[in-house]
Amino acid sequence: MTITLTINGTRRTVDIDPGEKLLDLLRREGVMGVKVGCGSGDCGACAVLVDGRAVNSCLLYAAKADGAEVVTIEGLERDGALHPVQEAFLDEGGIQCGYCTPGMVISAVDLLSRNPDPTEDEIRQGLSGNLCRCTGYTKQIQAVRKAVERGRGGGRDD
Amino acid sequence: MLAERGKAARAVGGGIDVHLFRVQEASALVDLTSIDLAYVRADGGLAIGATTTFTEILESSEGAAYLGGILVEVLEQVASPLQRNQGTIGGTIGSAHPWSDVIPLLLVLDAELTVYDGQERQTPLARYLSDRSTGARPLIVEIRLPAASRGDGCAFEAFTTTGFDVAILNCAAYAVLDGGRCEIARVAVGGTPALAGRLFAVEEMLVDAPLDEAAIERAAEKTAEAIDARDDRRATADYRRTLARVGVTRCLRRIAQQGGIG
Amino acid sequence: MTSRPEFSVVGKRERKVDGRALATGKPVFVADLRLPDTLHVKILGSPHAHARIVRIDTSAAEAMPGVACVLTHENTPPTRHTTAGQGFPEPSPYDARMFENKVRFIGDRVAAVAAESEAIALEALKAIEVEYEELEPVLSIDDALREGAPVIHDEADSTGIYDAARNIVADVDIDVGDVSAGFAGSDVVVESTCETQYAQHTPIETHVVLSYLDDAGRLVLRTSTQVPFHARRIVAQTLGIPIRDIRVIKPRIGGAFGTKQEVLLEDIAGLVTLRTGRPTLIRLTRKEEFVAARTRHPMRVRVKLGAGGDGVLRAIEMEAVSNTGAYGAHGLTVLANTGSKTLPLYNKAPNAHFFGQAVYTTLPVPGAYRGYGATQGYFPLETAMDELAERLGIDPIELRRLNHIRVGEGSPIFEKLGEGREGVEQTVKSCELERCLEIGAERIGWAEKRGKRLRDGPWVRGVGMSIMMQGSGIPMIDMAAATIKMNEDGSFNLLVGATDLGTGSDTILAQIAAEVLGVPVEWILVASSDTDFTPFDVGAYASSTTYVSGTAVQRAAEKVRDQIFAVAAPFLGAEAGALHLADGAVVGPSGRTMMLADACVRAMYESDQFQIAATASCVPAESPPPFLANFAEVAVDTETGGVKVLHYVAAVDCGVAINPTLAEGQMEGALVNGIGYALTEEMQISSRGRVRNPSLFDYKIPGMLDIPRLDVVLVESYEPTGPMGAKSVGEIGINGPIPTIANAIYDAVGVRLKETPFTPERVLAAIQAVEG
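Protein chains in written order, with my numbering: chain A, 1 to 158; chain B, 159 to 420; chain C, 421 to 1192.
The shape of chain A in the complex, shown without the other chains (with noise of 0.2 Å):
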């Protein structure tokens, strides 16, 4: 079947296996920065926004992306700017091997924008769904914690 649907800003019209799940296409379409961690919603590495909400790709049908916006870590940048929570993500130390991060990432920006001041109890529900066994989690939360502070200060607010 054929679908069509938005990914990081450009419109594709992309054949599909109806089996298909987001992931497979996105990665066959060349996203690469959407992570295979383990196909079963489990780790969170796969996490895209779909029409504004943070879902695993692993777990959406393709089909199901028809006529929708599709965001991914690569979709974040803005005219070579990053996000805040990418920046803060860099300065916080809250990327080692970076493999659960642009899920991670996806999962705070997500959290953000329907609750733009999350309390640390909070930050530790909203990405409760992204697995990291690198950082130990302490520098991510206070990640999105600086995003947040950087967000008042005059960042960009998304």
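Worth flagging that the hints you see were computed from the coordinates, not collected in a lab.
Just so you know, these numbers come straight off a predicted model, no measurement behind them.
It is possible that part of the hints are untrue.
Claimed, not checked - Only part of the chain A face toward chain C is listed, based on derived beta-carbon distances under 8 Å: (1) Ile3; (2) Asp42; (3) Cys97; (4) Ser128.
To be verified - So the derived label-pair ranges between C-beta atoms look like this: (5) A:Arg12 with B:Pro282: 44 to 50 Å; (6) A:Glu69 with B:Ser288: 39 to 45 Å; (7) A:Arg28 with C:Ala1017: 43 to 49 Å; (8) C:Glu858 with A:Glu69: 53 to 59 Å; (9) A:Thr10 with C:Lys432: 35 to 41 Å; (10) C:Asp583 with B:Asp389: 47 to 53 Å; (11) B:Pro282 with C:Glu1175: 41 to 47 Å; (12) C:Glu858 with A:Thr10: 38 to 44 Å; (13) C:Glu1175 with B:Ser307: 44 to 50 Å; (14) B:Glu375 with C:Pro570: 50 to 56 Å.
Using N, Cα and C, we set each Cβ at its ideal position, and we do this for glycine too.
Fit chains B and C to the supplied structure of chain A, relying on the hints for placement.
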């Protein structure tokens, strides 16, 4: 459309469980989210469309207001935010996983479903589940929760290994109290490892009696006896009985407190 | 603490040099490179824990459209090797073949299919007919050692096995003094046996390799590895081709923690590419990662401690039996490390005995895993110390103070026990353990909380502590090298074999070079882990990268600095020895400067031209230990046995922290991994030897909701033998949680747990046993 595709076609909400639990025999998947079944309406009680996602329920003011916020309390710890953005309440009931947190809660709230299998009809959730176990799969269209009563309270406990995990065992309880006496009592325990069911023997013990510490202890003991606890990868039967006792105790104590007792 | 120099770049929280690429999702991981005509490989795993392959018929699979090639024991080289990525000659038995007519665990390799797509490859696997002769499985250490047990490695051509007929891969026995006399002369003796479970690294990126032929027809392996040079050598050995015909590249990888210190897939991918001429991708699914990658060594370790009434240890005995699974990779060295990284900590004991065996079973294969045996050893050691303190009536912290190694001291264990063979004598030259204990105790609230058992409903609180050491590289064995070449704008290319697993080694090595060369980190362009272009490095293991690779970088930078001085000296009218580098310039004694760019232009284009460049190596003479003091506050739910870690303080002496953010990050990641190992992680094995929970759904690792308040405090010392005073920090953190949490649980509810993980069920059973 489902009728056209025949028996091997499956309806999907978010599509999570169809993928994860290998519904191999599905020749076609019919996406119900394309029909507008996503809504949360307060109409005395609560009416939730089958394809409403968990997140949509959590973000609705009607959902948050229902029965002291119990829906929010339970739903916000189900799975992960990513899965809550995608998973639908109809889908989760339709999958009826034995560890489901939603089902025991809806059972003690006496939820009713509007289903469609050629014609639309109402059926209690419990009936839907028992029909389902014999192979019936009517489409879920809507979930209805009754209006709140004076003096009612609801509580839920789930025991998990890590925070993002399904329950080893879960308990839900609902009671209507009048002057400290239980007029209505409903108790359900799930993940035993079987799917939750109401424990009528326990409920009988509680009804028409004060909800005091002694009654709670008796009810908890009865719960441990009444459930069909088994060993599995996650826990032994014995431990599940312990959790059931502790879980029901904690639920009933909280309801008693909510009702101004204890 | 020896005073340390002022640094310009070292000690700064620099952003990772590869950070931006990772933050923006650039295609820098193995599978992000897509090549046309790539074949996909799926591996057929054995359904039996122990069996001979009597007959294997791949004709139907080979005939399927889209199948390019099928590999079995009948058409692949039979060379015995080890999959363990260790220095040559590897201290692990050569007991593995690419494919064999015998299988030794459920999931062991039977065959591999390369096809146009994964789906076709999977279909083809189903078409392979295999006739097995089932053999009796061996599912525990006790079963393996029992009289008349099946011999798991009964082949004639394996080497390096201590006693194959008895399933013993390795046997270690070293002693100092006379422990019997020591115990006899002790006022208090404590003995404790602990068991640790099958656990797994679960890197978020599973094992993956992409192989292809370059334009010259050479085999290139782009692989998720910790050990590119060992991988090159072992693939050459396994396939029977010269090393010069292989290039191994490690791009960015998604975590490793030891499981990628192994050559697991590269031989298959390489052979498929050589036979078909086509790029080949093998990526393990999460389930395959659980079943057929590597795990922690489950161990049973007994510790016996004897002390005088004064609290000073008279004797330490440690006996370890290690389950090394179906193959012996890392079997000897992990076993040896269990003693070599633990016993020297308490060098006040004049008598010590470490002995044990690593044993084959027909179970999933353990390998290298952060901590590498020390993790399993500290469990009984630090919980026995806790018990000893109680029996002596001494505070546990005080007991550690009386017994731990100090600056200026050594231990006979250092030279008697290394990694697999004898070690190397050494004296500790930096140790801030005293300050670590002081800071940790204060931060956790030790005096206020210890023994108080504060209650909150069903929850009871307790605090526990432990100390540990690790090492920094393998002395006299590990080698690392670095090459630096200068560019005419004053920047430098830093080429290192050292392997950045996400740990940030590219960054800290750049910081070291930048410090010596007087430039900002951005002027150091790091290229790492490419066997064609970067000089040798053993790879990332044994906490060696900062200490060993860092020293090589420092030496190379110093050589380059000297070359720059030689160029600049006549220009500045001064002796080379009177110059120094700062802020991108050469500075003379009078303050006259020559920009680095000018110096390089001069050398590259103008006069007596030569490439300013140097290579330097490092073989460390010793392995200075980092030290760690752990303090944890836990709450135990006395009704369910649930354990929550509320607060965890880790005060660590890693020498000078080249990059404090990265050092803290190593500690935090290791601690959280250790908490999972202590509380929730367990690979469950069925009665047939099958992994029952090979998924992240059923094997629970800590998530955001599970971490305590983590307080990592870097308590710096200055290690004179280390680059810029650094030691290491990569592994030590993972050793802390098990004993610390065990001791805290004891403080809370009076039960001593001897088996990990400390599941609620186990904790509750222990509580009820004490009460009943």
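Original post:
What hints, given by number in increasing order, does this structure fail?
Top reply: Violated hints (numbers, rising): 1, 10, 12; every other hint is consistent with the structure.
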